[in-house]
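Engineer: Chain residues, written in single-letter form:
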Amino acid sequence: MANTQTMTAGVIAPKTEKFLTGAQAIMESLVAQGVDTIFGYPGGAIMPTYDALYDYQDQLKHILVRHEQGAGHAAQGYARMTNRAGVAMVTSGPGATNLMTPIADAMLDSTPMVCLVGQVKSNLLGTDAFQECDIIGVSMPITKWNYQVVDANEIPEIMAKAFYLAESGRPGPVLIDITRTAQTDLMTKPFKYDKHVELVSYRPRLIPKTSHLEAAAKLINAAKKPYIFAGHGVLISQAQEELDAFLRKTGIPVATTLLGMSCVPFEHPNYVGWLGMHGNYGANVLTDECDLVIAVGMRFDDRVTGDLSKFITQAKVVHIEIDPAEINKNVKANAPVVGDAKEALKALLPLVNQANHTEWRDTFKKYDEEEFEKITTRDVYHDGDKIRMGEAVTMLSKKTNGNAVTVTDVGQHQMVTNRYYQYNTWNSLVTSGGAGTMGFALPAAFGAKVGAPDREVIAIIGDGGFQMTIQELGTIAQSGLPVKIIILNNNFLGMVRQWQQLFFEKRYSFVELQNPDFIAISKGFGIDGHKVEDRAELSASLDKLLASDKPYLLEIVCEKEENVFPMVPAGGSVAMIRLE
Amino acid sequence: MTTYTLSIFTTNTIGLLNRITIIFTRRRLNIESLTVCETERKGVSRFTIVIRHEDRDAVEKLVRQIRKVVDVLAVFGYLDHEIVFNEIALFKIATPLGGTPLDIKEINLDWNAKVVHWGLDYVVIEKNGTEVEIAEFYQYIKNWDILEYLKSGRVAVGKTEKGLVEYLPESDWETV
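Protein chains in written order, with our numbering: chain E, 149 to 728; chain L, 10 to 185.
Think of the hints as simulated: they come from the structure by calculation, not from any bench. Just to be clear, a hint being listed does not mean it is correct.
[Said to hold, decoys possible] Beta-carbon label-pair distances, calculated as ranges: (1) E:396 with L:90: 51 to 59 Å; (2) L:31 with E:242: 21 to 29 Å; (3) L:12 with E:202: 53 to 61 Å; (4) L:11 with E:724: 50 to 58 Å; (5) E:195 with L:31: 25 to 33 Å; (6) E:652 with L:168: 51 to 59 Å; (7) E:652 with L:174: 54 to 62 Å; (8) E:417 with L:174: 49 to 57 Å; (9) E:289 with L:149: 53 to 61 Å; (10) E:647 with L:168: 51 to 59 Å; (11) L:27 with E:362: 35 to 43 Å.
Just so you know, even glycine gets a beta-carbon here, dropped at the ideal spot from N, CA and C.
The shape of chain L in the complex, shown without the other chains:
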């Protein structure tokens, strides 16, 4: 299984998320993670979709089908070594009276994570990093009582000299 990160640039249109995801559904492809945001170009959205697949050929076919959607501007597919990527995880950890205290210094310095909210008897820790780094941190922090854990989809930028928006079809793009 190889991980592929697809960066999809689209016009900002209602329903487009659906139009893109049905292309995956129809081919029984599971989306590992999905992030949508606006870009530095006005009216352009960026989808970052992560999938795992054995067959590069099938991924290329998928990319061509996504490109075919009328409101899609451009699609780029990447392997992990071609991109810089991160996810954000939030951990809500119980800190009851009498419990083992958290080692904030270790969390900060060794794990590169930080407490972003101090509750009465819990804290919220934010950990940024790759899936692997977050999973490792999970193993460490589960020594305490995890009340809630969740993480975002991947965001990724290509290790290219130019920004990907430079490769969009020519138009009078306005920067945000």
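Only chain E is shown next, with the shape it has when bound in the complex:
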């Protein structure tokens, strides 16, 4: 009887709809979302999804990295170039824990990222099964949102929610932990993907309140020495034209934060440099003299403010910020403007008066001259035999007309690149700012190149950080993408050494490296490269790097004990900035 019934049911339903497996639903969701690239690494608990991916290779490009951390940073680099969520896909347990550093990094630097993580079968949850890890628990403090999927039917909705949360409001990393069961089970309803997500508990404000804008405009129009701090939010909200129009109308000087770098071209008449610990002299010192700070899409990080009790105490503050939790967090705002930077600047433009503040802007120039005299000449136009990091970056900047994407790691080379690369193109710096993750640059540069294949992408890395994710040379070689890699090699963990020199009585505690032959390693991976030590050959070496249509590695052997100045001593006030 049972048999007959089943058969009858089959006959009555003319064409039984074939439902997708959870793994197929993941693939369909990615396609429907418009994802084109996945950075990933397979393993046990994610294998059903990798099996489904086999059939989607014509629609989804998967890039096999060499370590899950590489997948995460590559997804970050990709996201920073495209302004869309980078996708990383890894297996459970160690695969997932290896992704935690990039996730923490993306959280601090507001980078949209969707991490698809395999998990053991549902019935094994909580049994200490092979490669089981409570990744929801582990990733909770460092994700914008995370979710464990145990039912295949949930997949389309959760995937849409993940992308929406990662990319909207203040962007950030989202993790979806997908049990093997949810991947292998068949859905019991037709697949339907709706990109349009509405969440009652999450409605980021894009358009600022009129009262907020009016209060801000009033302060701006009354200010004698207003000063704009432009941060990452300007880049994320794509407020290029709005910021430019605002600057041209108001004539207000603008400095950028580390992550805001390249949101104003170096040549812009209002640009006065960058803020923070190793930022420009005038840009920092004059925070003490302005009467109004207009902070746009920045969060007053301690590396920008130094000693908070002494930071811009004389000035009023307009804080334009999409994340309400940032308002009054570090610096009290007299006029908070909660909203998207682009929308806020657009709405403010008609409310602010035409002005030029020429005299006030000229004040910065005096400091620039002193800084040039004391620092730039020594770094760039010196008589020594050894190459200095500053001259290498300056030369690179000139040769690329400030149009390349520079991807930096963390340390002296990072600060030097910011200092000397003169960004002329919008969105040209990818760096690990908030987290300061060594090992970020190589995989992030690769991801950036995947996201922006038409742009020249140059990774600038120290010899220490390079060895943290050196295996990603394999990924780059396999892809064949012409990522250009510069190692500024001083055989030291330079920034730590600098601190030990300045603040720990030159007690160099474990900062000197015995480095491998980087060129041999690079060639071993199939990436051509060469080493330059002679100052006279630096220019030709950079030409060779830039001319290559394949990935290329240039090792620049630098002065060993070079220090990065200006420098605000940690915890000191920005006015205490040291030039030597």
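Starting from the known structure of chain E, arrange chain L on it as the hints suggest.
Structural biologist: Just chain L now, with coordinates in the frame of chain E:
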């Protein structure tokens, strides 16, 4: 030290308790008491968290961080005079043969507490009230042998005309 009562409305999601408490942990804030329950709106949970802090500014920052959690609908912070609040305490008191008898009338009328269970040689007394009232009752009842004592976290409603659920983001809320 000022006592703050936070009323947190959230969607009913697994793991959310953890997401909220780690915000306190990270800032080294001790949670004095915590109560979670469903509300009169379907699918909405309410957390009542009590903390003590010297710095109002820090509490406001904390509130903003809680608000930022994706599944949190609304957060309200109150001082004690702005709310009606209570806790429930249970006292298990030994009543051995030959011991001093409990004065049930006094417990009922003077202390506004009641015996909710009569065991063979013990009773369970329930006392509702503020932390202070419960502490006072504790001092009285400890004249007998307390076998077990525990109390719940605070529950609190604001002294506002409208119910707090009226301030939730607009949606097609169903009442329970």
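Engineer: If a hint holds in the structure, say so; if it doesn't, say that too.
Structural biologist: The hints, checked one at a time:
no.: 1; hint: E:396 with L:90: 51 to 59 Å; in the structure: 53 Å, holds
no.: 2; hint: L:31 with E:242: 21 to 29 Å; in the structure: 23 Å, holds
no.: 3; hint: L:12 with E:202: 53 to 61 Å; in the structure: 60 Å, holds
no.: 4; hint: L:11 with E:724: 50 to 58 Å; in the structure: 36 Å, violated
no.: 5; hint: E:195 with L:31: 25 to 33 Å; in the structure: 32 Å, holds
no.: 6; hint: E:652 with L:168: 51 to 59 Å; in the structure: 57 Å, holds
no.: 7; hint: E:652 with L:174: 54 to 62 Å; in the structure: 57 Å, holds
no.: 8; hint: E:417 with L:174: 49 to 57 Å; in the structure: 54 Å, holds
no.: 9; hint: E:289 with L:149: 53 to 61 Å; in the structure: 44 Å, violated
no.: 10; hint: E:647 with L:168: 51 to 59 Å; in the structure: 54 Å, holds
no.: 11; hint: L:27 with E:362: 35 to 43 Å; in the structure: 41 Å, holds
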